[in-house]
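Visitor: Protein chains in written order, with our numbering: chain A, 1 to 336; chain B, 337 to 627; chain C, 628 to 871; chain D, 872 to 1289.
No lab work stands behind these hints, which were simulated from the structure alone.
Because the structure is a prediction, the values reported are computed rather than measured.
Treat the hints loosely; a few may be bogus.
[As the list claims (entries may be wrong)] Derived lysine to any residue pairs resembling SDA-like cross-links, with alpha carbons at most 20 Å apart: (1) D:K1269 <-> D:G1183; (2) D:K1109 <-> B:I598; (3) D:K1109 <-> B:D371; (4) C:K786 <-> C:M700; (5) B:K507 <-> B:A531; (6) D:K1025 <-> A:A162; (7) C:K772 <-> C:R803; (8) D:K1079 <-> A:F149; (9) D:K1109 <-> B:A531; (10) B:K463 <-> D:K1269; (11) A:K320 <-> B:K429; (12) A:K125 <-> B:A432; (13) A:K320 <-> C:D721; (14) D:K1138 <-> B:I598; (15) C:K786 <-> C:D814; (16) D:K1269 <-> D:A1281; (17) D:K1138 <-> B:Q340; (18) A:K125 <-> B:I477; (19) A:K125 <-> B:A610; (20) A:K125 <-> B:D371; (21) A:K320 <-> C:G765; (22) B:K463 <-> D:Q1152; (23) A:K320 <-> B:G433; (24) D:K1024 <-> A:V90; (25) D:K1138 <-> B:T338.
[Said to hold, decoys possible] What the simulated footprint calls covered on chain C by chain A, stretch by stretch (three residues with Cβ under 8 Å from a Cβ of chain A suffice, anywhere in the stretch; the number is not a length): (26) 708-722; (27) 725-732.
Ideal placement from N, C-alpha and C gives every residue a C-beta, glycine not left out.
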Amino acid sequence: MSDATLSSLKLSGDAFLAKRRRQLMVAAAVFAAVACLPLGIGDVYLQNVLILTLLYAAVSQSWNILGGYCGQISLGHALYFGIGAYAASVLFVNYDIVPWFGMVVGGVLSAALAVALGFMTFRLKGHYFAIATLVIAEIGLVLVHNWDFVGGALGIQWPFGADSIWTLQFARDKVPYFYFALGLLVVVWLVTYVIENSRWGFWWRAVKDDPEAAESLGVEVFRSKLAAAAVSAFFTAVGGGFYAAFVSYIDPESVMSFRFSLLFALPAVLGGIGTLWGAPLGAAILIPLTEITRSYLGGSGSGLDLIIYGALIMAVALAKPEGLLSLFTRKSGGKA
Amino acid sequence: MTAQALIQVLASGLLMGLIYALIAVGLSLIFGLMDVVNFAHGEFLMIAMYATFGLVLWTTLDPIVVAPLVVGLMFCVGAFVYVAVVRYAMRTKANAGMVQIFSTFGLAILIQGAAQYFFTPDYRSIKTSWLGGHTLDLAGIFLPWPQIYGGLISIAAFAALSLISRTDFGKALEATREDQGAVALVGIDRNKVFAIGWGLGAALVGLAGTVLAIFYYIHPQVGATFGTIAYVTVALGGFGSVFGALVAGIIVGLVEAITALILPPTMKAVGIFALYLAVVFFRPSGLFGKL
Amino acid sequence: MSSKILLQTLNVTQRFGGLVANSDVSVSIRRGEILGLIGPNGAGKSTLFAAISGARVPTSGSIVFEGEDITRMPAAERCRLGIARTFQVPRSFDSMSVAENVMIGAFVRHANATRARAAALEVLDYVGLDGRADATAGQLTPPEKRRLEVARAIATEPKLLLLDEVLTGLTPSEARLGMDLVRKVRDRGITVVMVEHVMEIVMQLVDRAIVLNLGKLLAEGSPADIVRNEDVITAYLGDRHRAA
Amino acid sequence: MNRRELLLAASALPLVGLTGAASRAFAQGAPEVVIGVLYAMSGPSAQVGIDARHAFETAAEIINGSFDFDMPTAKAPGLAGLGGAKVRLVYADHQADPQKGRAEAERLITQDKVAALIGCYQSAVSSTVSAVAERYGVPFLCADSSSPSLQRKKLKYFFRPAAQDEMFSAAMFDFFDTQKKKGKKIDSVGLFYEDTIFGVDSSNVQRKLANDRGYKIAADIKYKSNSPSLSAEVQQLKSADPDVLMPSTYTTDAILLVKTMAELGYKPKNLVAQASGFSEQVTYDAVGDKLVGAISRASFSLDLAARRPFIGKVNEMYKARSSRDLNDNSSRELMGLIILADAIDRAKATDGAKIRDALAATDFPGTRTIMPWSRVHFNEEGQNPDASPVLLQYVGGKFVTIFPDDVAIAAPIWPMNG
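Could you put together the complete structure from these sequences and hints?
Guide: See the structure below:
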């Protein structure tokens, strides 16, 4: 190898490290700025919108790990969200176990279930896989609906209690929820960031682009999918546990319906799948828009809010198929 | 439960299954043609049901009489959706699968919103029709005429489809799906074939809509109820397979009816879903899908 | 194990329904050689290739690599043992950069991303793609894509590299560059098996050739022997000459 | 406020401003009391929300205007206790989602500074909304959710003037008992209910009552709401053939159920419904011919108009807006707002705690309502224990009150399908 190429290669490596460092700094700046938002926004309703935005960003980023990085389009993540919500609720309401622990239990259960289901579904391709995930989540919904131990159709009401960080119950104060949701997003983002540059991350992207070629290069395709599913399900469930604590009432429809599965995929898809910022960006646009159109247009019952929402999804999917993030990034060499 | 009741449940399931097949086949046809899953398929059904309802109200004719009109209208709706939306979704190179899913999903929400906007969320149903409320009593087995009509229409539609596949147009469809580049060389306009394909797919679900409108209620979310079943049916039969849609539709109808007998009826969808999982576990491309 | 035989197929038979694609094929691949696997269309080359690379398990017979039976071993595991392959139609990971594509291969030997990156860059330099490291794989020209396939495979540090028609469809000058690359690969100590049906080019490159016809082993030997073999001439060359 | 304005402008939806302006146009100049209204205005149960909107607007018209009805707040224009202040309604769409209901309740309380909340139809949403109301000390008048579990939380700010499922179901079984005493045959009941809070709660109460009072449960069928077909379910009902079929279903399934029963040749001996779908005009428009003799529990009966003429007038006002008669839901909603306004009037303040105390002190005879209730007052759980339900029978294209005897117009036709 000539000295000239050696140094150019070294430069390429250094440039890469510099890029990674820059990403981290941008993230630090963005998250710090977001962390300051409650200082300026005292309105409870807007805080509520912010919390939901952060939560959806975090859960959609979790979905993104399996759907965006590993290319396995799941239309059934509501199942994991529901497991998280129910684990936290049942443990807290029936056994007085703090939701912090309940969320982790839900996460572990979900990850284990994701692996078990993966053995069944990861042989399937494309729409067959997507429909299998949808169908499994629907089965889960029906089972929870008819399972009296977890309240069946009646759901679970969290008891009123004093404000406490342990029980994650705050009567009026939204700020603690805000920081929890932000914290969850930061953790999921960091996990994605770290994995993105690890062997797993590379394997996932290879599996997404061409599983057969990946297999021939020593990529454990099946195990890669299982790992992505487990990580994805874990954080989705943690998000579900938080949601339960936040709303303090859950029933099957309100945490496990198909609508949620779509809502977790949408921000990532619209923002840019398989990217670090796609899901947060998508959530930052989609959630405030849906909340605000519903709040200020939905009261009329005319369906105008749905028309706007549907048109937006369609427009973004058609006009920016790589996701809205491509508006902000100068991708190396690409057309965008 | 007596044997008679069992036969009754199976007969009802069979008729419903034929209707499911008719709802699903358009979806499968479009997929077979261009590998696109239309997530607004249920909304097509809903439009057709509203159209039937509206025409019946306006012309005071029977749903059966206005059916050809609705089918023609739905053909235009399908072709228009292709030209106005799907054509663009097909052009994208990045995330092609996602773009198709979410552009048609966005369309579905938009159509639901529009239906609520124009028709209000109220429940409609066609009050009187020639067949509505009439039942064929076969030695204690009751077969409602609307469903018998639906089953017959479904069989006729599948027969017609198998005839179409032998015509020049059918061959053009087949050629387009086999090799999109080559057909351009022999002078087939790909976009035209796709538009017609979408028209045909929508017309078929439209036909199902005219049948359902006779005995089912109509409201902006009605598509969702049948949409999920249609997706599972198509996947169970194998995406792209017309014959698969027919067989899967019948199986879904029967399994649904039987599950409702064995398990609490609230869990009857579980039977269909579990069947789907079991089938694709052994045959990852459904019963008659191409690998 | 330092035997001269790197890989052996023993009575490999592959049936697809009634069709027999490989019938009782027993061949050996010797350490350090460039071996040509040739035959007319439908001869069963690709089927045998698939059996060796692990894309498909044969109906009967076995495959032994360095004394280990790998007949049922998945492709990924074979890769770790030291068998790498390319695809007839290049299958790059188009959403990734060229360097990242090669890193996928390098991860087999280096768990750490930084080291995998360094190894990938070294391989890119070796195959002459160092200038394109940061390009998206989708943007490469077809010959560059072939090169990338080879680079990815080399990055897995194989003992045996299976090349599926890497020279087909290239212009003569591109093909020459390709041949240089194959020789360079062999000089790295990697045994190379090339599936080709463009016999003219391959014969200049290989040390030895195996000819398949109608799923059966037809001839085996040095290029000089092969071109003189009567059976080969009738089955393959004759065929081609008549067609031409 | 500025930030909200900014956000709205940023979302570039000029229509937003329009709707806001429209609802604000209600009261010009005069002091006003803002009340938050929470219903699903989009999604599968949007029609209920839209009907509710008409009911509330009718109620507001009565409160704000001057009408010669013997109802609280009707005579004087506006709320006399607050210097003739007008009631202004702010609507919020919760899409039947408990989380959204909660968020919208908070928005109404913190942004629109509502004096009280009213809603929500879906019990799941009423559950989260009542929790928010409690935490902010804003009274929540639960107009139409009938799940008994809501009042069990012993909330201070929760008030439900209408009956809940236990009272409704008890009325049904009281009716059965009297029929039985008259020598009619009622041995078995068939429960048919959807797998939602409403259906499950209702069936739980009915199952318990049936067991306590010695009725055999011949069928106990929980079905999936919005099913594409109910053939198998109906077949099971037909096989069991209970003396009384007791459905707890929403409109869509009520229509499908009745159609399927007719198609499969099943004529239930008697049908006594837990209102909901069986109190909606749409259902009778669609399948009324097959429901002759069907009985539904109700909080309301238009028959009462014969005794209290103003009920007919109120119904006309409502009909002018919605082109349908008041029913079980819309009547409760309309009356609920009037009860709430009356309390605010007496509280002479828009302060939550004062309104709450006024609500708790509410006590007037049922004759001053449009409902068949005997009295309006609240127990310590916030429940009106004297919201006596009635049973209506669908005869001759309209509903006739048949139970309890003191308000009955006609004798029940029993069995309905002999």
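Visitor: Each hint should be assessed against the structure and marked as holding or not.
Guide: Status of each hint after checking the structure:
Taken as a hint, the K1269 (chain D) and G1183 (chain D) pair is honoured in the structure, with Cα atoms around 15 Å apart against an allowance of 20 Å. For the hint pairing K1109 (chain D) with I598 (chain B), the CA-to-CA distance comes to about 16 Å; that is within 20 Å, so the pair holds. Taking the CA atoms of K1109 (chain D) and D371 (chain B), the gap is near 45 Å; set against the 20 Å cutoff, the hint is violated. Proposed proximity of K786 (chain C) and M700 (chain C) is supported: the alpha carbons are some 17 Å apart, at most 20 Å.
For the proposed pair K507 (chain B) and A531 (chain B), the alpha carbon gap of about 16 Å is at most 20 Å, so the pair holds. The suggested pairing of K1025 (chain D) with A162 (chain A) holds, with an alpha-carbon distance near 16 Å, which does not exceed 20 Å. Simply put, K772 (chain C) and R803 (chain C) have alpha-carbon atoms about 16 Å apart, close enough for the 20 Å limit, and the pair holds. This hinted pair checks out: K1079 (chain D) and F149 (chain A) have alpha carbons roughly 19 Å apart, not beyond 20 Å.
Among the hinted pairs, K1109 (chain D) with A531 (chain B) is inconsistent with the structure: their alpha-carbon atoms are about 48 Å apart, more than 20 Å. A C-alpha spacing of about 17 Å is found between K463 (chain B) and K1269 (chain D), which places the hinted pair at or below 20 Å, so the restraint holds. Distance check on the hinted pair: K320 (chain A) and K429 (chain B) sit about 11 Å apart at the alpha-carbon level, within 20 Å; holds. A C-alpha spacing of about 15 Å is found between K125 (chain A) and A432 (chain B), which places the hinted pair at or below 20 Å, so the restraint holds.
Restraint check for K320 (chain A) and D721 (chain C): the C-alpha separation of about 18 Å stays at or below 20 Å, so the hint holds. Taking the CA atoms of K1138 (chain D) and I598 (chain B), the gap is about 24 Å. The hint is violated against a cut of 20 Å. In summary, the hint linking K786 (chain C) to D814 (chain C) is supported, as the alpha carbons are separated by about 12 Å, within the 20 Å threshold. Only pairs whose Cα atoms come within 20 Å are accepted, and K1269 (chain D) paired with A1281 (chain D) is accepted, the gap being roughly 12 Å.
The suggested pairing of K1138 (chain D) with Q340 (chain B) holds, with an alpha-carbon distance near 17 Å, which does not exceed 20 Å. A distance of roughly 43 Å separates the Cα atoms of K125 (chain A) and I477 (chain B); the hinted pair therefore is violated under the 20 Å criterion. Taken as a hint, the K125 (chain A) and A610 (chain B) pair is honoured in the structure, with Cα atoms around 18 Å apart against an allowance of 20 Å. Of the supplied pair hints, the one linking K125 (chain A) and D371 (chain B) holds, its CA atoms being roughly 13 Å apart against a limit of 20 Å.
At roughly 19 Å between alpha-carbon atoms, K320 (chain A) and G765 (chain C) fall within 20 Å of each other, so this suggested pair holds. Restraint check for K463 (chain B) and Q1152 (chain D): the C-alpha separation of about 13 Å stays at or below 20 Å, so the hint holds. Taken as a hint, the K320 (chain A) and G433 (chain B) pair is honoured in the structure, with Cα atoms around 14 Å apart against an allowance of 20 Å. For the suggested pair K1024 (chain D) and V90 (chain A), the alpha carbons sit about 18 Å apart, so the restraint of at most 20 Å is met.
Pair hint K1138 (chain D) plus T338 (chain B) holds up; C-alpha atoms about 18 Å apart against a cutoff of 20 Å. Only residues whose C-beta sits within less than 8 Å of a C-beta in chain A count toward coverage, and the segment 708-722 of chain C has 8 of them, enough to reach three; the restraint holds. Given a C-beta distance limit of less than 8 Å, the hint that chain A covers the segment 725-732 of chain C holds, as 5 residues qualify and 3 suffice.
Of the numbered hints stated above, those contradicted by the structure are hints 3, 9, 14, 18, listed in ascending order.
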